[in-house]
Amino acid sequence: MAYIEFKGVVKRFGDNTVLDHIDFGVEKGDLVTLLGPSGCGKSTLLRCLSGLESVTEGRIVLDGRDITDVPASKRNIGMVFQQYSLFPNMTVEQNVAFGLRMKKVPAEKIQQKVADAIAMVELTGKEKAYPASLSGGQQQRAALARSIVTEPSVLLLDEPLSAIDAKLRKALQSRIREINQELGLTSIFVTHDQDEAMVMSDVIQLFHDGRIEQAGSPVDVYTKPVSEFAASFIGSYNQLDAAVFSEVTGAMVPAGHVVAIRPETIGIQKEAPAHTDGAYVVRGTVQDSTPRGNVLRYTVKTGPACLRVDVLFRSFHMFDKGDEVYLVLPEHDCLAIPESNAA
Amino acid sequence: MSSKAKAASAAPAQKTPLAARIFLGACALYLLVPFLTTLVYSLFVEWTDVLPSGFTLRNYAELFTNSTFWLSIGRTLVLCLVSVAITIVLLLLAMYVVVAVNRRLGRFMQFVCMIPYALQGVILSIGIISLYTGTGTILSNRMFMLFGAYTILVLPYIYQGIRNALNAIDANMLIQAAEMLGCGRFRAYVQVVLPNIVSGILVSSLLAESIVFGDFVLANNIAGTNYQNIQVFLQANMARSSGLSSAIVVIIFVVVAAVTAIVLKLQRSSQNR
Chain A
1 MAYIEFKGVV
11 KRFGDNTVLD
21 HIDFGVEKGD
31 LVTLLGPSGC
41 GKSTLLRCLS
51 GLESVTEGRI
61 VLDGRDITDV
71 PASKRNIGMV
81 FQQYSLFPNM
91 TVEQNVAFGL
101 RMKKVPAEKI
111 QQKVADAIAM
121 VELTGKEKAY
131 PASLSGGQQQ
141 RAALARSIVT
151 EPSVLLLDEP
161 LSAIDAKLRK
171 ALQSRIREIN
181 QELGLTSIFV
191 THDQDEAMVM
201 SDVIQLFHDG
211 RIEQAGSPVD
221 VYTKPVSEFA
231 ASFIGSYNQL
241 DAAVFSEVTG
251 AMVPAGHVVA
261 IRPETIGIQK
271 EAPAHTDGAY
281 VVRGTVQDST
291 PRGNVLRYTV
301 KTGPACLRVD
311 VLFRSFHMFD
321 KGDEVYLVLP
331 EHDCLAIPES
341 NAA
Chain V
1 MSSKAKAASA
11 APAQKTPLAA
21 RIFLGACALY
31 LLVPFLTTLV
41 YSLFVEWTDV
51 LPSGFTLRNY
61 AELFTNSTFW
71 LSIGRTLVLC
81 LVSVAITIVL
91 LLLAMYVVVA
101 VNRRLGRFMQ
111 FVCMIPYALQ
121 GVILSIGIIS
131 LYTGTGTILS
141 NRMFMLFGAY
151 TILVLPYIYQ
161 GIRNALNAID
171 ANMLIQAAEM
181 LGCGRFRAYV
191 QVVLPNIVSG
201 ILVSSLLAES
211 IVFGDFVLAN
221 NIAGTNYQNI
231 QVFLQANMAR
241 SSGLSSAIVV
251 IIFVVVAAVT
261 AIVLKLQRSS
271 QNR
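Those protein sequence lines, which keep their order, are chains A and V. FYI, the numbering used here numbers position 73 of the first sequence as 73, with every residue one higher than the one before it. FYI, the numbering used here numbers position 1 of the second sequence as 1, with every residue one higher than the one before it.
This is chain V alone, in the form it adopts within the complex (with noise of 0.2 angstroms):
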């Protein structure tokens, strides 16, 4: 084929039609309008006219020089590691029996960890709360008790991007090859399938993130301000100033959009090996 035979070939699959990219455009400036406007509205005084006025950086200086903004924000983002982390480990040494020693359980690994999708944020801080306060172990402490609600929270995410990643790749044909080349189960498993179903895993992560990282009740009714993550650092400011609350909750947005990038890029590199 010669190189213009090529390029014509080429051409209908490079080219997005007119159309939609004027639709896709009209999309994502609907969906970008509330953050550009809470952006305006934190950078300045006032906004009472049709344009703002008053351009500051004050509210950003003031939250920057916040060591409880800070603290707020670092422990929103061990919340969602540790409890996306344990969420994970435990899933994927469940979904381990079900691939790998009896398929027949899966439906019921399906119907437990599709439980939390029932449960009402208030329900289930009240009853893990009636549950484990006063027993004097460690799921006592309000943290943990935070982190188990969360783990509970975005088990049906994870387990939907485990599962999703397992059946693409058939992961039990993919054990059985490897046992028929010398490798035990358990290390297949380890060896063979994990890899693969990496970026499955990154995916359903990235989703839970968003979830922990936007939650407000769970945080707010277990541990308040005990433990105080960004959403009730956020509600605890909102009375103060709204171009304070403005610029918490653009931050929280590029927080988001930044681990939203890492996890993403992790997914490509993943992909591309």
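With the rest of the complex left out, here is chain A (with noise of 0.2 angstroms):
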């Protein structure tokens, strides 16, 4: 039995079904990330597994225990909000202390936890600062101070990183892993960006219009896409109808299925490769190239198909608009994906 257990779960606001039977289990000390876009219900999931917000139906269980109708504040579940939501009227040490008072822990004890979990998020010297004259970083470090310092059976995650800037994220998206670990926490992480979500995750539950569209390990999410939403929602898969794919290709595509390609996979050359086992080789024009960091995209015109290819962006340009390429599709990375309507 998972530690923690969705069973069902069904949330309706009114005629609008948020959370459609939801049915999933998460191991002890996992950190687990629910992944989707805006209004998918992952956010909803995670305050009805909060308490903040109640189940139409279905079942919550957290180590054994049906919480389904046990109030947030009886639940011990700790939880860090997008908005940081630290007390204004308190110091950064006020705040984490205030877990802690409201489960009556001695002052002596409370002052003690309170200055280890400031140290463990790297806040110290900042103890007697009021929220508002820390920068977005410090305080969503200090609602994580506050979160984890209870010792809480989980930890929530919502969005805490959307509105902090690039390098500070991924900063903070390594120390929350590494708190995650030391303390052997079980975490729900809630983020729609799929770069997070790979770098923090054990295991990711794609959402898609309230239901969950896939689950498994960031490595299988990203390169075992099971559907089309999938496929566009993570990486940035290029997908190719049946017809399409056979007339660049030559191969055949079972009905109602799509092939999706990620960019990173396909070869690109000025020449014919030599030897093309195993791999299609298809002649295109390059329509465009876009740097995009460490990494330098192409678009590729060949055939009625414009294909995304990644190469790692060395110190020249490799090809202009314009040039005459080859592209190399492996084959086992050209996958046949069922077709939705949804994506």
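Errors might be hidden in some of the hints.
[To be verified] Think about it this way: if two alpha-carbon atoms lie no more than 20 angstroms apart in a straight line, the pair counts; the simulated SDA-like pairs of lysine to any residue are:
#1 Lys103(A) to Arg187(V)
#2 Lys74(A) to Ala100(V)
#3 Lys128(A) to Asn196(V)
#4 Lys74(A) to Val190(V)
#5 Lys74(A) to Phe186(V)
#6 Lys126(A) to Gln94(A)
#7 Lys104(A) to Arg187(V)
#8 Lys74(A) to Arg185(V)
#9 Lys104(A) to Phe186(V)
#10 Lys74(A) to Asn196(V)
[To be verified] Chain V stretches covered by chain A per the calculated footprint, using a threshold of three residues with CB under 8 angstroms from any CB of chain A:
#11 167 to 176
#12 183 to 197
Because the hints were derived from the structure by calculation, they are not lab data. Built from N, CA and C at the ideal position, the CB exists for glycine as well.
Assembly of the complex is requested from the two constituent chains, each provided in isolation within its own frame, with the hints serving as guidance.
Have a look at this one:
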């Protein structure tokens, strides 16, 4: 039995079904990410687990105990909110101590635990600072310290890094992951950023329209999308209709399927390759090239299709617009996935 | 950054343009003219030429030795404090329900709290008198009628202040954050939300206090000379001497200014915390 179990959880707001029979489990100590676009229900599920939102149908079990009807304040679940939600009238120290005071922890223990938690999030020296005088990153770390200091059964993180600049976000992603592992905390992280989900998670639950579209390890979800939606949301898969793929490569694809190809699996070269075993080779014309950090993305027109091709961005420009090139598509990276109208 | 550079970058923020200062000074002078004129009028025997003549403190001496005057000042302050306090307590409780229990009630609260804007003082006072006089309850007491009337009168002003303060801090989110730390909702409202809206409450109570202090219609209609407030006292003495009336107006201004200063000081200290 999993540490946390969602059993047929349904949440409706009036006629709008936000969560549609959610069933999955979370193992103790795992960091699970609920990933999906805005409005897909991931934050609602988190709030149902926290107790801030009631469920319409279904049960939620935590460590063998049914907590579906337990008030939020009695669940011993920590939560970090997107907007930090630090108490403005309290210092960092007082904010972090708040949960311990609610639990009636002796004053001398509170002092030690607060100091440890503040040190863990690297905010030592800011104990007496009020939230208004802290940067966004510092406020979020203070909120994290406040949530972990009470030693919750589960730590919930509701898009905690979305309001933080990119550089600091990467640093905080690592710190959250480290803290999760140091404390052995079971954590559920909500994000719409697939890169963030890849970096942080043990398991990703990909949400779409109130349902779980796909679940698995970051590598599995990234390399083996099970639907058009998963392929379009995770990575920047090229998706070709069966007919178009057949026209481009000459290979046959079962009806009702599309072919998804990750841009970084496609080889691009000036000359035709000598060996083409296990790969489709197609000719194309470079339409565009866009630097994306350490990756250079080409858009190559080949027959009726336009394919995105990612290569490492080296110090020289390999191909110019209008160049004729050969694309090498490894067969095992051309994934036939069921077509859906929802994508 | 060098100290010189720091000073240079700080300078534009500190210096108010000359035109702005002249404009502000002119506005302040314009607003102060009626008060200064009244003050001068209260300090002289007559003012029939360009300059007044016959400096005297007689009006103030008469007022300060008049127990009725002090009682009316005291009654007005009590009316202010009690009615504003009742309104604040009632609204804070009602807003707890709106913020933490059922947010959809917010629109209803807003509608109810805006109704007093549409009530004329005469209508309100006559309504209260006809409803409660002779009922034999505590509410038939004229003083309690006044407390009730002022509670209604200041309701919209204090509601707006409290609602804006609650919105500014996202009270619902703070309550949820406190809940996740093991705190009950009402306790979170008291321990987390209220300390953060003190400033808003003080500002709105200041506005309410000046409204109650300046009211004549309700006090005169409901209580008259039975429970004479400062405005009714002023009205009663207007016919006796214009110098004395001016002195009363000056004292009202000073008392209101003193109360305002105290409230603003409290607000600043709450913001500093």
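query: Which hints from the list above does the structure break, by number from lowest to highest?
result: 10
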